[in-house]
Amino acid sequence: MSIKGAALRVAVAAGLRTPRGPRRRSALPVPYWLLSPSLIPLAVIVFVPMAFALYISLTGLNQNTIGDWTHAPFVGLKHYLDGLDPRGPLAPSFYTSIKASVIFSVATTLFILPIGVGAALLLNGRLRGRTFLRAVMLLPYIIPTFVNGILWRLVFMTDTGIADQIMAALHLGPRDTFWLIGPRSLWALILADVWASWPFIYLMALAALQTIPADVHDAARIDGATPVRIFRRITLPLIAPTLGLGIALSTINHFNNFALPYVMFGPTPPDEVNVMPLNIYVNSFITFNLGLGAAMSVVALLIMLTPAVIYLRAARIGDTD
Amino acid sequence: MTSARWTRRHFLQVAGAGAAAAAVPGFLSSCLSSGSSSSSGPPKPATLSLYVAKDTARPQAQAQLFDMIKAQFEKENPGSSFTYDTYASAAEETTKLETSAAAQEGPDIFEFGSTLVPTANATGAFEVFTDDMWNHIGGKKIFFPPQLTMSGPSPDKLIAVPVSGNPWAMVHNKAMFQAAGISQVPTTWDDFVSAAKEMTNGTTQWGTAMAPADGFDPWHKIWLFVTQLGGQLMDSTGKKGLLDSNESVEACAFWLDWMAKYKIAARQDAAFKGADEVRAFATGKIGMSVMTGPGGMGTWDNSPVAGQYEYTLGPTIPVGMSSLPPGGKAAQGFVSGQYYTLFKYSKNQELALNLLKVVVSPEIQYQYFQLRKQQPVVLATFDKYPELKQGNWAALYDAALKAYPTPFFSAWGPLEVEVGKAINKIASQIGITGSYSMSDLKAALTQVNQELQASLG
Chain A
13 MSIKGAALRV
23 AVAAGLRTPR
33 GPRRRSALPV
43 PYWLLSPSLI
53 PLAVIVFVPM
63 AFALYISLTG
73 LNQNTIGDWT
83 HAPFVGLKHY
93 LDGLDPRGPL
103 APSFYTSIKA
113 SVIFSVATTL
123 FILPIGVGAA
133 LLLNGRLRGR
143 TFLRAVMLLP
153 YIIPTFVNGI
163 LWRLVFMTDT
173 GIADQIMAAL
183 HLGPRDTFWL
193 IGPRSLWALI
203 LADVWASWPF
213 IYLMALAALQ
223 TIPADVHDAA
233 RIDGATPVRI
243 FRRITLPLIA
253 PTLGLGIALS
263 TINHFNNFAL
273 PYVMFGPTPP
283 DEVNVMPLNI
293 YVNSFITFNL
303 GLGAAMSVVA
313 LLIMLTPAVI
323 YLRAARIGDT
333 D
Chain B
243 MTSARWTRRH
253 FLQVAGAGAA
263 AAAVPGFLSS
273 CLSSGSSSSS
283 GPPKPATLSL
293 YVAKDTARPQ
303 AQAQLFDMIK
313 AQFEKENPGS
323 SFTYDTYASA
333 AEETTKLETS
343 AAAQEGPDIF
353 EFGSTLVPTA
363 NATGAFEVFT
373 DDMWNHIGGK
383 KIFFPPQLTM
393 SGPSPDKLIA
403 VPVSGNPWAM
413 VHNKAMFQAA
423 GISQVPTTWD
433 DFVSAAKEMT
443 NGTTQWGTAM
453 APADGFDPWH
463 KIWLFVTQLG
473 GQLMDSTGKK
483 GLLDSNESVE
493 ACAFWLDWMA
503 KYKIAARQDA
513 AFKGADEVRA
523 FATGKIGMSV
533 MTGPGGMGTW
543 DNSPVAGQYE
553 YTLGPTIPVG
563 MSSLPPGGKA
573 AQGFVSGQYY
583 TLFKYSKNQE
593 LALNLLKVVV
603 SPEIQYQYFQ
613 LRKQQPVVLA
623 TFDKYPELKQ
633 GNWAALYDAA
643 LKAYPTPFFS
653 AWGPLEVEVG
663 KAINKIASQI
673 GITGSYSMSD
683 LKAALTQVNQ
693 ELQASLG
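These protein sequence lines map, in sequence, to chains A and B. Offset between the first sequence (1-based) and my numbering: plus 12. Offset between the second sequence (1-based) and my numbering: plus 242.
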C-alpha cells in the first residue's frame, strides 16, 4: 500500500471526509481492522475463559470428572438455582457471601476515600520532606497482601494481640475482645484492608491534583475564596472524574480481594467475612465443586459490572459526541 | 509428480499401516508406563519431579532428608536425579491436584495426606499399583498394616504408597497432673472432664485446649467422638451426609461444652487454630491436649514443658457412659500420614518406582523419625531401631495400632469443610457470649448437611 493510500485510510479512520467523492462504506470500518491486533488477543485471553467458565457453571465438574472434564455431566442451571433460589440448599451461604462482599467493598472504599484525598491534598502543597513522605505513604500498598494478612491476624489475636491490649489500656474494651471470629471480624477485615489500600486513592487523587493549573487556585485566592470553598468549588470538581474512576476500581478490587480474608480467617471463615472470592475458592479448590464455583464466579461478575457501568455512565466514557 | 490412482483397498492399506505405526509406539509406551519392574533393562536416566508437603516446622530437616534420599537415589540410578517442589497448605495441594488432573500434566510423584488420597483416586490421574509394582519396592507386606487401609478403595486398587505416619494420641502435662493430684490418665471422657476441672483455675490455667477455628481440627475431634459413639459422618454409600444425626449433634455438643458447660477450656480458644493450641500447651498452662500428633514435639522440646509432657492413649468411653455403646469403636484417631502416588501421565514411572524403593528403605524411614519426628511406616524400621517404640513413641505406636481408617469417599474433603463451618459458627457464639443453644447447634448442622448433600449431587 502506498503512503498516500495509508494516509487516506488513517484520515477515514479519524472520521475525516476524503477530499473527493462521497465516503465509501467498507464491509468493516478501518478502525476495527486497526484495533484487531489488540482485540483478538483480548478475546482469546478474556472472553474465551469467560465463556469457558460459563460452560463449566452448567456442568457437574468435580473430583470425579476432572480427569476427563470434557465429559462432565451437563446439569443446566442447577448450581444457580441451588444458590440463588431462596429455598435452595446453598442459598444461605450464597447470600451471606454476597452481603459480606458488598458491605466489605463499599465500606472499605468509603473509608479510604477521605484518607487518600486528605493525604494527597497534604502532599500536593509545599511541605518539608515531601518527597520522602510521598514514598513512605506507598509502603502499605507495596507490602504483599499475604504479609499484611499475617500481620493483621497477629494484631487481632484475642488477648495477646495489640488491638486488644490497646483497647484494654485505653479502657475501650476488655482484653479478650474477639476480632477474628463473630461480628467484629468484619471490622478487622475492613481495618486491615483500609490500611493496605488507601494509598491507591491517594495516588489517583495526587495525580489529578497535579493536573490543576496553579493559576486557578491563585485566582480564587485573589478573589477572596476560603480554602474550604476552593476545595469544594474548584479542586473537588476538577478531580472528581479521576476520583470516580478510583472509587469504581477500588470497589471492584476490594470485592475481588481473596488473599487478605483467606490469610486472616482461613478456609472456614466467620459468616461476616465469608466474601465471595473465598467462598468460590473453597467450593472450587477445597471441596472440588468446580461447577458451583464457576456459577458463583459468573454471579460475582454480574455484581461487579454494577459499579463499572455506573462509572461509565457517569463519566460518559464511550460517548462519541 | 506422478499421480497415483487411489483405490479403496489401497487407501485402507496405507491408512491401516499408518494407524499401526501410530499405535505401536503408543502401545509400547503404555507397556513401559505400566511401571512393571519386569522390563529387562534399567529405566532411561531422567530427572524426576516431586510435589511434596512442606515441613513448615522443620524445613531444614526436610531439605537434609531429601539430600540423603537424593544421594542414595543417584547412586543406585546413575545419570538420574530428582527435583522437588513443596506446598504449604491443603489449598495448594488440591489446586495442584486439580490442574494436573485436568491438564494431564504434572509432577511424576505427588505426596498426599491420607484423607486426600480418596479424592486423588477419584480423579483417575494416578496409577493403580500392580503386584509387580509393589514387589519392586519391597511388597505390601513391608508396611505397617493400618497405613495401607488409606492407600486405595480396596486391596487390589491401591494408588498410594505410605511414606510416613502421623498417629494421634493424647498428651498431658506431667507437672500439672502431679500438682492436681491426678495419678492416672483418664480412660473415659467423664474422667477426662473431672481431671481437667481439677487443673483449671479459670483464668490462667486450663485443663485442656481446643482449636475450633482450625480448618481440620473440628472434623478430627467430631469424627473421633462420633466413631466412639458408634455413628458415622456419612452413610456407607458415601452419598448421604449424616452431619445432623444424633451422634453428630452429641459429638459436637460434647466438644463445644469444654468451653461452654464444663469450662475446662478458655473462651479465647474459640478463635484458636491448631498451631495456637500447640503454642498454648507449650506455655505449661494447659493440662491435656487431645488427639495430638507428634508434630508438636518440636515446639514443646524448646519450651517450658520440655521433659514435662507425656503421650498416652486418650479416653475412648463416651461421656455419661461406662462402656462403649453398641457399634462404638475404641478409636484413638484415624489412620493418618503421608503417601506418595505415581502420576498416571508420567513418562518416568519405572524410575519413580526406584525412587519410592529408596524412600521406603528402613534407613531412610529412620531418618523420617530422626530428622522430622515422623513415624516410619515400614515394619523393619521398628525392628532395627528400638527407640521407635520407646518413651513417647511407644504410646504413639500403640495409638497407630488403634487407629481406624476414615471412609474412602472422594467427598470427604467437602465434609471436612462443612463440619468446620458449623463448629466455627457455634464456637464464635460461645467465645462472645459464653454459651450456645442446642437449637442453634442443630440448625447449623442441618444447614451444613444440606450444603454437603448439594455437593454430593
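None of these hints come from the bench; they were simulated from the model. One should not assume that every hint holds.
[To be verified] Below, computed lysine-lysine pairings styled on DSSO-like, alpha-carbon distance capped at 27 angstroms:
| # | chain 1 | residue 1 | chain 2 | residue 2 |
| --- | --- | --- | --- | --- |
| 1 | B | K571 | B | K626 |
| 2 | B | K416 | B | K644 |
| 3 | B | K503 | B | K296 |
| 4 | B | K312 | B | K416 |
| 5 | B | K644 | B | K515 |
| 6 | B | K589 | B | K615 |
| 7 | B | K416 | A | K90 |
| 8 | B | K631 | A | K111 |
| 9 | B | K684 | A | K111 |
| 10 | B | K589 | B | K338 |
| 11 | B | K481 | B | K416 |
| 12 | A | K90 | B | K383 |
Could you tell me which of the hints above the structure violates, numbers in ascending order? Going through the list in order, the structure violates hints 1, 3, 4, 6, 7, 8, 11 and 12 and respects the others.
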